[in-house]
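Whenever a hint applies, use it, and build me the whole structure from the sequences.
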Amino acid sequence: EAGVAQSPRYKIIEKRQSVAFWCNPISGHATLYWYQQILGQGPKLLIQFQNNGVVDDSQLPKDRFSAERLKGVDSTLKIQPAKLEDSAVYLCASSYVKGSYNEQFFGPGTRLTVL
Amino acid sequence: AQSVTQPDIHITVSEGASLELRCNYSYGATPYLFWYVQSPGQGLQLLLKYFSGDTLVQGIKGFEAEFKRSQSSFNLRKPSVHWSDAAEYFCAVGGNDMRFGAGTRLTVKP
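Protein chains in written order, with my numbering: chain A, 1 to 115; chain B, 1 to 110.
The hints are simulated quantities; they were obtained by calculation from the structure and are not laboratory data.
Possibly wrong hints are sitting among the right ones.
[What the hints assert, rightly or not] Calculated cross-link-like contacts (lysine to any residue; reagent style SDA-like; alpha-carbon spacing at most 20 Å): (1) A:Lys-44 x B:Val-37; (2) A:Lys-44 x B:Ser-26; (3) A:Lys-83 x A:Leu-60; (4) A:Lys-44 x B:Asp-97; (5) A:Lys-44 x B:Thr-104; (6) B:Lys-61 x B:Thr-104; (7) B:Lys-49 x A:Tyr-96; (8) B:Lys-68 x B:Glu-20; (9) A:Lys-44 x B:Gly-94; (10) A:Lys-44 x B:Ala-1; (11) A:Lys-44 x B:Thr-5; (12) A:Lys-44 x B:Lys-49; (13) A:Lys-44 x B:Ile-9; (14) A:Lys-44 x B:Gln-2; (15) B:Lys-61 x B:Ser-84; (16) B:Lys-49 x A:Glu-103; (17) A:Lys-83 x A:Arg-111; (18) A:Lys-44 x B:Tyr-32.
[To be verified] Label-pair restraints from in silico Cβ distances: (19) B:Arg-105 x A:Ser-7: 22 to 32 Å; (20) A:Glu-103 x B:Arg-105: 23 to 33 Å; (21) B:Gly-41 x A:Ser-58: 25 to 35 Å; (22) B:Pro-110 x A:Ser-58: 41 to 51 Å; (23) B:Tyr-27 x A:Gly-53: 34 to 44 Å; (24) B:Glu-20 x A:Asn-52: 35 to 45 Å; (25) B:Gly-16 x A:Lys-83: 40 to 50 Å; (26) A:Ser-66 x B:Gly-16: 42 to 52 Å.
[Claimed, not checked] If the Cβ cut is set under 10 Å, some of the chain A residues that face chain B in the computed set are: (27) Lys-44; (28) Ala-93; (29) Leu-112.
We treat Cβ as the ideally placed atom computed from N, Cα and C, and that holds for glycine.
As structure tokens, then:
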């Protein structure tokens with residue numbers, strides 16, 4: 001079974017530029033998550049989708065971050081404009097809806113450096 | 001609000017020695033608890049999880065963890081560490097709304 005795919009793996013941009021990350025979840029997984037992992041910290045949930053609807057985006061900085069999951073499969077996370085403090089690894093995870101807990105499977109992440 | 005504390009930022013152990021990584025949590029109800037491992041450049045891999053029942057949980061790669069409600073702890077253990085265990089370890093609490101600790105980096109000395 002293929003895992004969660006993310007691209008690009010690395011991205012370097014200047015501050016005030018825009019950037020987009022792509023995630024393809026495991027086939028059949030209805031729930032998709034985006035996490036931000038700053039160096040030296042644990043992952044922090046940015047947004048959670050259930051199919052193509054947003055379940056939780058309370059920690060998403062909506063003035064500069066946006067995410068979509070058209071057709072309930074792939075997802076993109078965009079930052080516009082980027083700030084220095086956005087330098088982090090952006091992890092995508094997906095889970096299959098079953099019962100009250102859904103094990104999350106993580107992709108390899110996209111490492112963003114903002115100069 | 002739920003939260004996780006991993007008191008040790010970095011631990012070094014010799015290969016073959018035993019390992020214990022500490023995790024303390026704060027949660028209003030019976031927690032779902034997890035340990036993940038992250039190797040450099042990789043995503044997180046689930047080692048084990050606790051939902052209910054037996055407080056000693058067995059995971060992959062020879063790891064186990066014990067849930068102690070009275071101490072709000074969920075420490076990870078391994079009786080004999082291998083060089084390949086060197087990685088970052090994260091404790092997490094919650095379910096769909098998961099909170100991660102800051103992680104413990106494990107270095108294994110030959």
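* **Violations among the numbered hints** => Failing hints, ascending: 23, 29.
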